[in-house]
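Residue numbers (UniProt numbering), protein chains in the order written: chain F, 1 to 406; chain P, 1 to 406; chain A, 1 to 406; chain G, 1 to 406.
Calculated directly from the structure, the hints in this document are not laboratory data.
Please note that a few of the clues may not be correct.
One copy or two, either will do: identical chains are not told apart, so a pair holds if it fits within one copy or between any two.
[As the list claims (entries may be wrong)] Heads up, simulated DSS-like pairs for lysine-lysine below, C-alpha to C-alpha not over 27 Å straight-line: (1) 406 x 53; (2) 4 x 152; (3) 110 x 405; (4) 405 x 358; (5) 346 x 214; (6) 404 x 110; (7) 53 x 346; (8) 214 x 24; (9) 346 x 8; (10) 152 x 164; (11) 174 x 4; (12) 53 x 174; (13) 56 x 406; (14) 404 x 358.
Number of protein chains: 4
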Amino acid sequence: MAKKEVKKIVLAYSGGLDTSIILKWLKNEYGCEVVTFSADLGQGDELEPVREKAFKTGADKVYIDDLREEFVRDFVFPMFRANAIYEGSYLLGTSIARPLIAKRQMEIAKIEGCDAVSHGATGKGNDQVRFELAYYHFNPGITVVAPWREWKLNSRQALINYAKRNDIPIPITKKRPWSSDRNLLHISFEGGILEDTWLEPPENMFVLTKAPEKAPNKPQYIEIEFEKGNAVAVDGVRMSPAELLAHLNTIGGEHGIGRVDLLENRSVGMKSRGVYETPGGTILREAHMAVEQITMDREVMHLRDSLIPRYAEMIYNGYWFSPEREMMQCLIDNSQQTVNGVARLKLYKGHCRTVGRKSESDSLFNLDFATFEKDQVYNQADAEGFIKLNSLRLRIRSLMLANKKK
Amino acid sequence: MAKKEVKKIVLAYSGGLDTSIILKWLKNEYGCEVVTFSADLGQGDELEPVREKAFKTGADKVYIDDLREEFVRDFVFPMFRANAIYEGSYLLGTSIARPLIAKRQMEIAKIEGCDAVSHGATGKGNDQVRFELAYYHFNPGITVVAPWREWKLNSRQALINYAKRNDIPIPITKKRPWSSDRNLLHISFEGGILEDTWLEPPENMFVLTKAPEKAPNKPQYIEIEFEKGNAVAVDGVRMSPAELLAHLNTIGGEHGIGRVDLLENRSVGMKSRGVYETPGGTILREAHMAVEQITMDREVMHLRDSLIPRYAEMIYNGYWFSPEREMMQCLIDNSQQTVNGVARLKLYKGHCRTVGRKSESDSLFNLDFATFEKDQVYNQADAEGFIKLNSLRLRIRSLMLANKKK
Amino acid sequence: MAKKEVKKIVLAYSGGLDTSIILKWLKNEYGCEVVTFSADLGQGDELEPVREKAFKTGADKVYIDDLREEFVRDFVFPMFRANAIYEGSYLLGTSIARPLIAKRQMEIAKIEGCDAVSHGATGKGNDQVRFELAYYHFNPGITVVAPWREWKLNSRQALINYAKRNDIPIPITKKRPWSSDRNLLHISFEGGILEDTWLEPPENMFVLTKAPEKAPNKPQYIEIEFEKGNAVAVDGVRMSPAELLAHLNTIGGEHGIGRVDLLENRSVGMKSRGVYETPGGTILREAHMAVEQITMDREVMHLRDSLIPRYAEMIYNGYWFSPEREMMQCLIDNSQQTVNGVARLKLYKGHCRTVGRKSESDSLFNLDFATFEKDQVYNQADAEGFIKLNSLRLRIRSLMLANKKK
Amino acid sequence: MAKKEVKKIVLAYSGGLDTSIILKWLKNEYGCEVVTFSADLGQGDELEPVREKAFKTGADKVYIDDLREEFVRDFVFPMFRANAIYEGSYLLGTSIARPLIAKRQMEIAKIEGCDAVSHGATGKGNDQVRFELAYYHFNPGITVVAPWREWKLNSRQALINYAKRNDIPIPITKKRPWSSDRNLLHISFEGGILEDTWLEPPENMFVLTKAPEKAPNKPQYIEIEFEKGNAVAVDGVRMSPAELLAHLNTIGGEHGIGRVDLLENRSVGMKSRGVYETPGGTILREAHMAVEQITMDREVMHLRDSLIPRYAEMIYNGYWFSPEREMMQCLIDNSQQTVNGVARLKLYKGHCRTVGRKSESDSLFNLDFATFEKDQVYNQADAEGFIKLNSLRLRIRSLMLANKKK
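Using the sequences plus the hints, can you model the full thing?
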């Protein structure tokens, strides 16, 4: 493929070895201006030092933005209003972060007059798809440079050699035998030794959660309040979305909550093992479902639930910025108007369980209807007609089958 | 409603106070012969004493049948091949048992030449629907007597008075402040003090599981092998379906696994709180999903998953014997042909987690495809075309929207 | 069942024999005040004479309301934005009218201080369900009197005798051997001779449409313009919703368009034959789909389409006023924001076909992308990567299956 | 892209100018042996002359196979058992043919020891995807040569020049201003003048159908019999699948039935207009639905119907040979066990309509249940309980909303 001409490019830059090499490689190969962009999504690293590093490696301009509140408010929370989960296990921590990075990257591209963008995702993974679908959404004509699909640096050694030749400092710390991605919602691990799908992940890999065996011996109870499907307070204390999620991460991590080991299906067509820690998110989802139990109509819930695999797939596959996701969000958000109430959860040794839920304003649980003793609102005799008509088509069918046998 | 004339009736009889009263009431009100039927579904009670009790209370004939293997093989396992779960939490332990009881009851009705059947389910619950839909499936013309919907014994005291007047022995043990249903798959609790949805269920209520706090301090690892989606062995030991489930119940119960507290939607239209212990079933479902991860095609899984809420609803609502459930089962069973492999789980303090999975014969996880280093089977450059075409409709839409703004 | 006490009741009253008998019967049996309500939904009859008739038969107060614009704007159009169709054929003409009648009836009940409502639908049909679900939505405590389920007048002769005894004039015209329901959207026929499902309906039954054989020999072309999914103009002339539908009925009827003969499944569990004439609606749906073709994103369309059977079922079954229908409507209406454009249709001898569609503002059809000659926007080489990655999981599976055979 | 080495290739060969150029181009560019394969799928052309033409243009071996019965029996009929339709209009005539061509092509590749296959589909269309997904299913390692994505002959003139230079005879007949594909199920038209989406297709384009205006002035009635969802006889005469479809094409074509004009969404992401003639298929689908009306359970039908958009998408997108399509087919075929009966249709001037249906063995329409007069099987009073319980959740919700307003 002939190289496209590029004048000025925005690179999603973490400051690590890989994106440092990419930064230099872009300068070398494209001879273009490079603007780096680093987003604080709560990955826990100090980002300011990245500035100097970027300039040293050749950046012409550096953007460092704190996107934590936007991340949780406009990306994590809408997704949690849907109880989205991929393949029954994955809470989409990386999937939901990529569109926001891409969105801000494209804003910078506009501000800076760039004709191209670049990222450090490989050609085998989901992230390239998530980045680029979002790029094209914001500017269908943008040029995308995906170095991993383009260059010949196809082994760890080739990368290190390139770094040495280009005076890029190589971290002294030994590379861990897996790769990972972290933000306020989760940390993920994949590759390396995890590719033996039969082997338990090593305890020293985990970052956000204590081992359940090391967690406190005493359970902890927490109460989470929701308004229109969004968590607004923990144990009576109101917090901003990002504060609240960070707070739940701390509590959940302490109790070893939210570890998942999943062999999942990538959008590019292969299976891949992902191990995840999502302490706060795991608690949040359980609590949200508890409040829905008492405030959400049955048919609304069942219909919504049948759509969630598809909605989660959209996010996993990179279609956050798409008309179908937006359309689905309308339905989801409509279902959340009544989701106002409080959930009570018990946290203990790697697990959290609902033990209570209530709603002052929107409870659909009516003791008068559900108790077995009295018959005012609900007339037990009605059940006969209900069953008789619901069985009518089955009875007709049985008659037909019986006639057929004759 | 005028009473239907009944000559001979089969009553689903547990030997407890309620069905004893029903037995007597049927004799008194209908003046008919009464055949009692008690099924051993693994509820843990000795059923033989029920025989004498039934005769004493007026039964004309008594059936006691051990249906445990049929229950697990033909009802529980097909349902677990689907990973069926109701409203995200309930493993359908009671729902799946009712159709089998009804099936055998109708067989007995045929053998004994009965013109009616009866059960002890109330007029507010799901079980009346499950029993009666199945009855009508087997004989659309059968007469169903549902005493709770018919009699005037609408309070606990009225029942006790009736028992006293009719020489039915009243158990000395104090009635527990909830009702429960138990079989090989689970025990359920509802009603009474549980109706305060904010209150945690009391520890002394639980039967099948140790409190997580009392569970062993050392995790236990187990390996479960599956063939065509059915569990066939635990830790290398092959067992029959019922043996296997009983074995997992013991292990799971020891580790406090499988407690669920759910405010659920009944088929008759009200919300009701159910608390469940499903130790073996919880382990089984996790293990099954782990083996599916490595053996099941992505699109098969996603399509199947989108149908499970509907399938679970069918079972919950009593439509086990229905053409739509059978049709869905065809799809599910087809998806299970390749689900052959072993899952490795870690059990600890109320929680079980997958830590490994493998399949000799049907693994779709191919290290050659998933590793990041080499590029033989998978050409990273292909990803560009993949992304470009997948984004085409999004790019066209962006162009349209941009034009519109002008 | 003991009769409930009723003080004042609103009866949905057509002025025909059946509802006249009901009016009298309510007076006789309940000894209550009766308010009659007749809605003009475009059924083509002059309603004013109904006033005198109602008073003569014993009404205490009479309401006659023209609801045509509300009907089309707030009920028919939202449903047509979804292309709703029941069992592939029925455009829901009766189903969509019942909720509006019930809504207005309940408003009158409130104004007049009534404690009950009544309707003339039988106990075997869908309409009783549609009326009553809507009644209970507006007032969960309302008393509903459904005479057909209550009285003993179970044959035509019994009704006529009752009428004679109560001085209710019996129409001289011979009763037609079917029953029908008409409004601005359609006329339906069922029962009587139509119950022979093998017999073609007689030509003299049809009301709104010419026989295709009698339709003009020359095709007619029409253009219908849509804004946000709603038809706003025909052949360049803007009209109100009700005017537009009436206009299309005239044109479509002239060309014999919109006859459907369907053996359908009722919500009460039986099959029933319905024959329908929906001239304007049939044209409207075809035109709407044509404009969607050029303005609607593929994934939006496919996702929406998969939900339409369920949405149509909701309306058919009487759940117009339900949270699940409202939730679904959010999704549908979101999908219609871009549905702006014009469809061109050819009408001829019982059939209408799209022959052109265009959209100035929202066309997603881009000649540059679709032509086969040039390669600027679309790079044909991209298709290889697209196919390669889409086939990856299939290739892996084939490898697995090949290994298995060995 | 570097050219892959190819020794022997099977080319799907029609004998037309394009595939003749491809045949020569493969010899020139790849210097490989070329086996041509031409399938008789009922496209109406004599295929024997193709043999000589192929040899003259350089073929090393020629296969010509009559696949008509296999096509209709194993591809068309399974799809029609599902009533599959793409985007509400397209009966998938081309989509369903490609997998069979690819299947036979791969069988030949195996017989002949070929390492590659080739086809004449362009890089912008759906057919390349359909061919290649099927190729990879049968042999994941096969080399695919797609000349239109590879060569530089990107205009009509370039092609003609290439033909002239290589002594390939150029047809004297003027190229029609559209392209088309024909088989026993349909003929399709796209491209050229059809790309003006507002313009009606010219009458002289149509091949299989008379203009409705020219169709007989007298309607024709036909009866089609189905067994397990497959048509087996027309007007009492049993025929093989291919004979039956051919027969219906003749009748339907005479009456101008089955023309469709659709702006559709391609799998590669763009919209494209397709005009189709599917006379026999249109009749077949209508008749099949008619027999389903009388023999298929309601819930089976509604569930199945909700899956058809997805099923049709699979076929349209080229996933005929995929585990998800096979899984779905299990469900569909299970639903067809009772679809035994006869449909009666009226054909007239471009339209066919059901006017009757019957089933001796599997009718679920029971006059006893549906008539309004007698009350034996169906007790009208049951409807009250049915409505009361179905409305319970709506009533509770109304109470909640009323409380909230206070």
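Quick rundown of the hints versus the structure:
{"no.": "1", "hint": "406 x 53", "result": "neither (86 Å within a copy, 41 Å between copies)"}
{"no.": "2", "hint": "4 x 152", "result": "both (17 Å within a copy, 20 Å between copies)"}
{"no.": "3", "hint": "110 x 405", "result": "between (74 Å within a copy, 17 Å between copies)"}
{"no.": "4", "hint": "405 x 358", "result": "between (54 Å within a copy, 19 Å between copies)"}
{"no.": "5", "hint": "346 x 214", "result": "both (17 Å within a copy, 15 Å between copies)"}
{"no.": "6", "hint": "404 x 110", "result": "between (72 Å within a copy, 19 Å between copies)"}
{"no.": "7", "hint": "53 x 346", "result": "neither (45 Å within a copy, 43 Å between copies)"}
{"no.": "8", "hint": "214 x 24", "result": "neither (44 Å within a copy, 58 Å between copies)"}
{"no.": "9", "hint": "346 x 8", "result": "neither (53 Å within a copy, 52 Å between copies)"}
{"no.": "10", "hint": "152 x 164", "result": "within (16 Å within a copy, 42 Å between copies)"}
{"no.": "11", "hint": "174 x 4", "result": "neither (36 Å within a copy, 40 Å between copies)"}
{"no.": "12", "hint": "53 x 174", "result": "within (20 Å within a copy, 67 Å between copies)"}
{"no.": "13", "hint": "56 x 406", "result": "neither (89 Å within a copy, 42 Å between copies)"}
{"no.": "14", "hint": "404 x 358", "result": "between (53 Å within a copy, 15 Å between copies)"}
The structure shown violates the earlier hints numbered 1, 7, 8, 9, 11 and 13.
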